[in-house]
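There are 2 protein chains.
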Amino acid sequence: MKKNNAKVSVAVIRRLPRYYRHLSELMQQGTVRISSSALGRSMGLTASQIRQDLFCFGGFGQQGYGYNVEKLRDEIGDILGINRGHTAVVLGVGNLGHALIQNFKFGNNGFNLEAAFDIDDDVIGTNVGNIPVYGIDELDEYLRLHRVDIGVLTVPRSVANTMAEQLVRGGVKGIWNFTNLELKLEGAQDVVVENVHFADSLLTLSYMISGRDHNGEEEE
Amino acid sequence: MKKNNAKVSVAVIRRLPRYYRHLSELMQQGTVRISSSALGRSMGLTASQIRQDLFCFGGFGQQGYGYNVEKLRDEIGDILGINRGHTAVVLGVGNLGHALIQNFKFGNNGFNLEAAFDIDDDVIGTNVGNIPVYGIDELDEYLRLHRVDIGVLTVPRSVANTMAEQLVRGGVKGIWNFTNLELKLEGAQDVVVENVHFADSLLTLSYMISGRDHNGEEEE
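In the order they appear, the protein sequences are chains A and B.
Each residue of the first sequence is one higher than the last, beginning at 1 in the numbering used here.
Each residue of the second sequence is one higher than the last, beginning at 1 in the numbering used here.
Don't take each hint at face value.
Below, a list of computed lysine-lysine pairs in the DSS-like style, where the Cα atoms sit at most 30 Å apart [unchecked claim]:
1) B:Lys-173 <-> B:Lys-184
2) B:Lys-71 <-> B:Lys-173
3) B:Lys-71 <-> B:Lys-105
4) A:Lys-184 <-> A:Lys-105
5) A:Lys-105 <-> A:Lys-71
6) A:Lys-71 <-> B:Lys-184
7) A:Lys-173 <-> A:Lys-105
8) B:Lys-184 <-> A:Lys-184
9) B:Lys-105 <-> B:Lys-173
10) B:Lys-184 <-> A:Lys-105
11) A:Lys-173 <-> A:Lys-71
12) A:Lys-105 <-> B:Lys-71
13) B:Lys-184 <-> B:Lys-105
14) A:Lys-184 <-> B:Lys-71
15) A:Lys-184 <-> A:Lys-173
No lab work stands behind these hints, which were simulated from the structure alone.
Construct all of the structure, not just a fragment, from the sequences and the given hints.
Shown next as structure tokens:
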């Protein structure tokens with residue numbers, strides 16, 4: 001299925017979820033097949049950009065037919081690791097933790113959210129949206145007994161690095177970091193940190209509405 | 001102050017908030033000046049990349065001295081529009097709306113959060129973290145009476161586009177979109193939409209921990 005991805009750039013990888021999202025929407029609308037130029041138009045990319053991106057993962061398109069929407073979506077989902085039964089825990093059940101646990105569809109993205117941890121006695125022992133909340137002092141043992149692929153970090157900034165280190169010691173493969181702190185993890189080369197920096201996003205918007213000149217091309 | 005930014009690429013712009021964040025942390029740590037190579041090391045960029053980025057905005061560095069941390073931070077903040085007195089309102093005071101209103105530091109990013117809107121009678125008329133919550137039917141009038149630069153969209157997906165259109169008609173310059181929906185706004189070329197796609201971020205992490213090969217270079 002994947003043929004040419006020995007060296008796939010992060011830029012291409014970051015576009016794959018967008019493809020997945022667009023194709024899911026097309027599928028829901030009943031679209032069966034789509035040309036690279038039509039897909040490009042709907043995503044603000046050129047047809048050649050799309051062909052190039054998808055070629056990295058082995059093609060999928062057929063000359064004169066275009067792409068089979070469902071097949072392409074499923075293949076991209078597979079590349080993204082959606083069918084690997086990934087597991088997640090949330091650290092920090094404050095406002096943002098609540099929002100993610102109750103509103104974000106982990107399952108749609110191939111993650112089974114299995115537990116949450118906090119220090120607040122008022123939430124420990126309760127369920128938030130069917131997810132059990134444990135005390136943070138139970139985390140080590142939980143990580144010993146369960147395979148946890150990622151930890152979602154929504155704790156206060158001041159304890160973010162300590163909690164991240166605990167996750168790393170417990171064997172997670174990745175950390176989804178919402179704390180706006182650049183984590184410094186010693187001896188954790190294999191652990192991937194994915195940051196959601198709200199502030200960076202808002203400051204980009206701030207720049208854009210401030211009427212500065214830019215060339216308008218999304219290059220990410 | 002800015003000299004060479006007639007055509008600044010979005011890739012450079014998206015790095016500016018990271019510079020701003022790093023420099024703010026350096027300032028807090030008491031660092032007065034820094035060389036481009038040291039700044040690069042701490043940010044995972046090369047010195048030449050840093051010199052190139054900052055040159056787009058008119059330089060700032062001095063041969064043999066490096067950068068004055070506070071001055072560079074302030075200039076970048078200025079470029080990002082932090083001192084323009086931007087105003088914001090939040091639409092949707094659910095879990096995520098609460099999290100943003102109560103925990104996110106709009107002020108640190110140059111935005112004055114002035115009001116929130118919802119349809120739920122239980123929150124209308126209350127204050128959430130000092131921010132008054134109005135009914136969504138009061139939005140049109142509010143936008144007529146107040147200059148609102150951006151709307152923060154944390155409403156359900158199903159009403160996201162309608163609410164965004166209402167913001168556009170009310171004259172906002174930007175929309176900070178948390179709904180995971182690609183907004184389709186007719187006749188709103190001047191309105192900038194900045195998306196925070198949680199799912200795209202998680203799927204990127206999913207790919208990374210799935211052990212696929214990638215070249216490891218952040219190209220955003």
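Is A:Lys-105 close enough to A:Lys-71, meaning Cα to Cα at most 30 Å? holds, 22 Å
Does the structure keep A:Lys-184 and B:Lys-71 at a Cα separation of 30 Å or less? holds, 26 Å
Take the C-alpha atoms of B:Lys-71 and B:Lys-105, compute the straight-line distance between them, and say whether it is at most 30 Å. Judged against 30 Å, a Cα distance of about 22 Å means the pair holds.
30 Å limit on alpha-carbon distance, applied to hinted pair A:Lys-71 and B:Lys-184: The given pair, whose Cα atoms are some 26 Å apart, holds under the 30 Å limit.
Straight-line alpha-carbon gap A:Lys-105 to B:Lys-71, limit 30 Å: Given that 30 Å is the threshold and the Cα spacing comes to 43 Å, the pair is violated.
Straight-line Cα separation of A:Lys-184 and A:Lys-173 no greater than 30 Å? With Cα atoms ~15 Å apart, A:Lys-184 and A:Lys-173 stay inside 30 Å; holds.
Satisfaction of hint between A:Lys-105 and A:Lys-184, Cα-Cα up to 30 Å: Measuring from Cα to Cα gives roughly 29 Å; hence the hint holds.
Are the Cα positions of B:Lys-173 and B:Lys-184 separated by 30 Å at most? Holds: B:Lys-173 and B:Lys-184 sit about 15 Å apart, inside 30 Å.
Measure nothing beyond the straight line between the CA atoms of A:Lys-173 and A:Lys-71; if it is 30 Å or shorter, mark the hint as holding. holds, 28 Å
Below or equal to 30 Å on CA atoms is what counts here, so check B:Lys-184 against A:Lys-105. Holds, because 23 Å separates the two Cα atoms, which is no more than 30 Å.
For the pair supplied as a hint, B:Lys-105 and B:Lys-173, confirm whether the alpha-carbon distance does not exceed 30 Å. This hinted pair holds, its Cα atoms lying about 20 Å apart.
Starting from B:Lys-71, check that the Cα of B:Lys-173 is at most 30 Å away, please. holds, 28 Å
In the structure shown, a violation is registered for the earlier hints numbered 8, 12, in ascending order.
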